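Following the hints, put chain B in place on chain A, whose structure we already have.
The listed protein sequences derive, respectively, from chains A and B. Once you know that position 624 of the first sequence is 608 in our numbering, the rest is easy, because the numbers rise by one and skip nothing. Once you know that position 573 of the second sequence is 557 in our numbering, the rest is easy, because the numbers rise by one and skip nothing.
Careful: at least some of the hints might be erroneous.
Repeated chains share a single entry, so a pair holds when one copy, or any two copies, can fit it.
[Said to hold, decoys possible] List of simulated lysine to aspartate or glutamate pairs, DMTMM-like, C-alpha gap at most 20 Å: (1) LYS386 with GLU606; (2) LYS(-7) with ASP543; (3) LYS615 with ASP535; (4) LYS67 with GLU279; (5) LYS200 with GLU148; (6) LYS76 with ASP98; (7) LYS135 with GLU606; (8) LYS183 with ASP155; (9) LYS607 with ASP141; (10) LYS72 with GLU368; (11) LYS558 with ASP568; (12) LYS(-7) with GLU16; (13) LYS387 with GLU274; (14) LYS135 with GLU613; (15) LYS135 with GLU599; (16) LYS386 with ASP535; (17) LYS200 with ASP98; (18) LYS200 with ASP283; (19) LYS76 with GLU66.
If you're looking for bench data, these hints aren't it; they were derived computationally from the structure. Model, not experiment: these values are computed from the prediction.
Number of protein chains: 2
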Amino acid sequence: MDQKVSGGKDPLVLFMPSGRRGRFKKGTHVLEAARQLGVYVESVCGGRGICGRCQIEVQEGNFAKHGITSANSHISAFGAKEKRYADKRDLKDGRRLSCSATIEGDLVVDVPQDVQVNAQIVRKAADTRLIARNPAIQMCYVEVEGPDMHKPLGDLDRLKQALERDWGFSDIIVDQHVLPQVQSILRAGKWTVTAAIHKDMETARPSLIALYPGLKNEAYGIACDIGSTTIAMHLSSLLSGLTIASAGTSNPQIRFGEDLMSRVSYVMMNPDGCEAMTKAVHIALNGLIEEVCAESGVDPTDILDAVFVGNPIMHHLFLGIDPTELGGAPFALAVSGAVHSWASDLSLALNDGTRVYMLPCIAGHVGADAAAATLSEGPHRQDEMMLLVDVGTNAEIVLGNKKRVVAASSPTGPAFEGAEISCGQRAAPGAIERVRIDPETLEPRVRIIGVDAWSDEPAFAAMAEKSGVTGVCGSGIIEVIAEMYLAGIITEDGVVNGALAERSPRIIQDGRTFSYVLWEGDTRLTITQNDVRAIQLAKAALYAGIKLLMDKQGIDHVDRIGFAGAFGSFIDPKYAMVLGLIPDCRLDKVKAVGNAAGTGARMALLNRDYRREIEQTVTEIEKIETALEPKFQEHFVDAMALPNKIDPFPMLAEEVKLPEKAEPAIVTEGAGGGRRRRESRRRRD
Amino acid sequence: MDQKVSGGKDPLVLFMPSGRRGRFKKGTHVLEAARQLGVYVESVCGGRGICGRCQIEVQEGNFAKHGITSANSHISAFGAKEKRYADKRDLKDGRRLSCSATIEGDLVVDVPQDVQVNAQIVRKAADTRLIARNPAIQMCYVEVEGPDMHKPLGDLDRLKQALERDWGFSDIIVDQHVLPQVQSILRAGKWTVTAAIHKDMETARPSLIALYPGLKNEAYGIACDIGSTTIAMHLSSLLSGLTIASAGTSNPQIRFGEDLMSRVSYVMMNPDGCEAMTKAVHIALNGLIEEVCAESGVDPTDILDAVFVGNPIMHHLFLGIDPTELGGAPFALAVSGAVHSWASDLSLALNDGTRVYMLPCIAGHVGADAAAATLSEGPHRQDEMMLLVDVGTNAEIVLGNKKRVVAASSPTGPAFEGAEISCGQRAAPGAIERVRIDPETLEPRVRIIGVDAWSDEPAFAAMAEKSGVTGVCGSGIIEVIAEMYLAGIITEDGVVNGALAERSPRIIQDGRTFSYVLWEGDTRLTITQNDVRAIQLAKAALYAGIKLLMDKQGIDHVDRIGFAGAFGSFIDPKYAMVLGLIPDCRLDKVKAVGNAAGTGARMALLNRDYRREIEQTVTEIEKIETALEPKFQEHFVDAMALPNKIDPFPMLAEEVKLPEKAEPAIVTEGAGGGRRRRESRRRRD
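Chain A extracted, bound-state conformation (with noise of 0.2 Å):
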């Protein structure tokens, strides 16, 4: 290290949150102190006192622990430089510039996450994580030579030798929009000018992608999740990290196709298919980046980083790429590794110099969007064993701790999201996502959405009036089949138990099976028997994919489960559980983890390192394809029961009375078992 870090009696120097330490001579100034350390602090002008964006703050209080005994007052007294700042710009109490401010004695240094220089409207997005920053792009303000006749140096040239000197850039690469600019913008600045600077990789060379006359404080990056259904875009500020709009808007791609695979099959049959799938989405992005824009007052063109993340089908159809092959085995990608490309390139309305990174893939099924939730929700980063899901057509499922990863999909099909469900419908108002069946009674209690009473309050008939009750979402539908398997009212093997309507009117008859009637009104909604094996089987694929990875993993349970996704975000843990959606797990460390793979892709806008970290990480992921494994179909058969015949669930029966099963809860397993099992089951069909 420098020679200014030193040893002995100078003093200790502690920055937070990352407890980095070291100590340094009296009257370095703290800015040096941290780059020194490799501690993030921002800073535009170099130094100059001009952006603000160094901000630091000085705890006060003992810090013996720390060996820091007083950390008063060692802090020199406020600099010209920040009185100019202040003087111009606000300067909260306490907090001081750090290329100013220097060291007089042992200090403990507060590093803000999110500076704020500029007014700008802060959205209060559903997820406000905090990430540490350490973006792509860095914004670096520089002072260069003006031309001069005895050396003939381009004014290019000049500013890349000032970059050179103030920034200790070698080598940049400058990109062709930028060429025309330089002597316009030089001369605009007075020679002062702030340049934008990619650098993503280590071994990258920095490129120079945009220019701007004088100190240019601000810079822009999104964040986008292109998922089937919806796509959901953030723009943040690259400099403080804050997230100031987002917006999301149905895929225009869903006219060519509702699900995955039939998109597929519309480019298959379509010559210009893929084309026109990829210009809708690419459309539909202009659309959001146009309101981000608009609700936040930011220019597209200073949005200069932008990550897109999605399953492999949406990741192939954003690039341009045909995703025919994805559509049978063996489901082979055409990159699984991270792609680095342009904004331009992908017809965004940007910057022309706005770069464009998407995660990597980790397999055929398993997407960027995993990807990134795997960045997000860390199972690679912690001991406990995580079981991360995200369901969806395929349901992506990533179960891991730090010590291994593996990966899977499974082939759900769309029944959790309301298809094939007789009564089921799209999450909206009238939609039924909450459902209580008494177990004596068999009389069921109800909520929609938009409605904040039950069905049996008072209140209920007044509200409900508007939307009616509709249908039932995705939630709902996983409430009222479990609910009528606590009831008693189908069995452990999802058969509609046909002897209750002698005790209730709300079983009928329909044809040679049963149905519960949930609701009667305007509509009746009844739950078939076909609507219970429609769930029966989606619940066993994605169960059966779950068992593999734990299997790998050669566990019978797992320590944590996030739920991402919008399915996710609604349904309740114990209910999933109680049907067997997903193995036994204290109910308290099943989390919803919203939109997981949004989160990893900001992580990933506003952290090159969590790029690398991801990179590798979808390396060392062992993917497991569940076509080529031979216990997946069995599994899958075995989970068809209700929770299932594969696991117990001891924590699940803490909490939850489980009806009591015709065969033990815990079986030996085995094929032979399993294959003993589908034959009951077949029989009592």
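Relative to the frame of chain A, chain B by itself:
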């Protein structure tokens, strides 16, 4: 080096023409030996014996002076790979495939520089210099593993693995446009493909810029000199180095302004002037691309690299940069260093991945064309002091040797190009290009472009009937004025001697001055006093620039002179020296170097080492700005005389009888003398 390079008794192998040598174990492939010694031997297929690019010849005979006693038969017999190749394709007698042939004893190996494996029209261009190759584009054939569900790595990722395994390229960047093609190309080639890898700088990561199914055994590049008047393009094979087509066209920017400064004015007066001129040159370039491709049958998308040179204003306009700053002091270039760009960003109809390289500019008026001419003629590589001159509206002048190179530009104006001359015209049939004047009778005889006879020969009249005699072109103007001087018609101060009107009717009065009637026919062509003055001004500017550089080098004559450009190709060096355009030099050391800028561009196209060489050389060249040099004006005035009053011409005097001077040929230098002579001239005028 590799363990295969061993000492002692192992066979000694000498590669020609490089002269590199080393000892290798018996059985080592010749290709491997070449690689270890850094001898460039092409191979597209990576040693599979299918591309035929790695051909060598074994030299027979006695190479005792190289320590090789018997080189005969010390190579392995024709192997299976070679037989297979020779059966399918033509392998010339004596040629071997170095990936098949092994070293079995001492060998002298000749590496042919122009291995052709495809039938190509090879155009005999003016300059067919063979250029040692090490292009920035490498064609790499690989066999890629098919997809495997157990290891769900993407197709592109497996391609990258193969490129690393077989060719050592790690950390490859993939162009966005390649992504959507990867899967279909891999399948079309049955998992064999040829990747075009661009790697120019050592510090750059290699880029995958194009991909072809199977073996793609050709790749092309264009080298282009964008002159203010003419644009010249050469199409070369990057794999054989041969130029296979050339084309030229007028620069369409001429319609915006005849000379450089009028084009800058156009930009200053018209808001879209820069864009219009950039577009015009791009359209012209695309026309030339069509032309060279049609001539050679090459697909434009197989052109993967492109090198451009031009003077600073052409350079800027090609890149879309407003050249206004170059129109006035301090003549600031937007960029002086080499420019790396993409053909698609410059609207060139080539492959989407085609790269563009522009040589560095030396100074505000000494452009990438001068850098290319320097690279071609190599003053910086030789002991002799070489003067390199490219005459245009601005003369670009480079003077130096391997110790030190200086450069400047001189504002010669358009007189040398026939503008500002009463009877001047562009070089075209009917234009006088050669002149002899009898010193006794003062009668001229001339030759015109398109006619092989002198005007005093009987055949002339009939042969000249078609075109007539229409004017005097640039080289003719130099000759007629030099001959007028040698015949005593004009004095060393450039005055047309009216006293001679007594002796010859060709001397006629024209107001207060006299003219010389050069041609009397349908048209009368006269050389007026003003014409002489215009040439005097132009040549004085040129010589003053040269003289300034000679001052810097501390020399009074040069060892070699290279005349670049069209003007230089046609003027007779003797007359250029008689008029004092160039300093004294042995006449046999004055050479027209043709389109040296174009040759330099070809060198940079075919060998990236030349790019590094000229980049380094340009940083080392001392740039002299004539406008800042007090002595320039003085030299200019002194150089008005014929030949001039600055320097003696003893070497010229040995070959040409120069008129006796009114003042001694060898004069004492100094500002006083200059002023005195200027005054005396003013009196005499």
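Here is what the structure says about each hint:
{"no.": "1", "hint": "LYS386 with GLU606", "result": "within (13 Å within a copy, 60 Å between copies)"}
{"no.": "2", "hint": "LYS(-7) with ASP543", "result": "neither (47 Å within a copy, 68 Å between copies)"}
{"no.": "3", "hint": "LYS615 with ASP535", "result": "within (10 Å within a copy, 89 Å between copies)"}
{"no.": "4", "hint": "LYS67 with GLU279", "result": "neither (34 Å within a copy, 71 Å between copies)"}
{"no.": "5", "hint": "LYS200 with GLU148", "result": "within (19 Å within a copy, 41 Å between copies)"}
{"no.": "6", "hint": "LYS76 with ASP98", "result": "within (13 Å within a copy, 72 Å between copies)"}
{"no.": "7", "hint": "LYS135 with GLU606", "result": "between (58 Å within a copy, 9 Å between copies)"}
{"no.": "8", "hint": "LYS183 with ASP155", "result": "both (12 Å within a copy, 15 Å between copies)"}
{"no.": "9", "hint": "LYS607 with ASP141", "result": "between (48 Å within a copy, 16 Å between copies)"}
{"no.": "10", "hint": "LYS72 with GLU368", "result": "neither (50 Å within a copy, 63 Å between copies)"}
{"no.": "11", "hint": "LYS558 with ASP568", "result": "within (10 Å within a copy, 100 Å between copies)"}
{"no.": "12", "hint": "LYS(-7) with GLU16", "result": "within (19 Å within a copy, 60 Å between copies)"}
{"no.": "13", "hint": "LYS387 with GLU274", "result": "neither (43 Å within a copy, 60 Å between copies)"}
{"no.": "14", "hint": "LYS135 with GLU613", "result": "between (70 Å within a copy, 14 Å between copies)"}
{"no.": "15", "hint": "LYS135 with GLU599", "result": "between (45 Å within a copy, 16 Å between copies)"}
{"no.": "16", "hint": "LYS386 with ASP535", "result": "within (17 Å within a copy, 73 Å between copies)"}
{"no.": "17", "hint": "LYS200 with ASP98", "result": "within (18 Å within a copy, 53 Å between copies)"}
{"no.": "18", "hint": "LYS200 with ASP283", "result": "within (13 Å within a copy, 45 Å between copies)"}
{"no.": "19", "hint": "LYS76 with GLU66", "result": "within (12 Å within a copy, 79 Å between copies)"}
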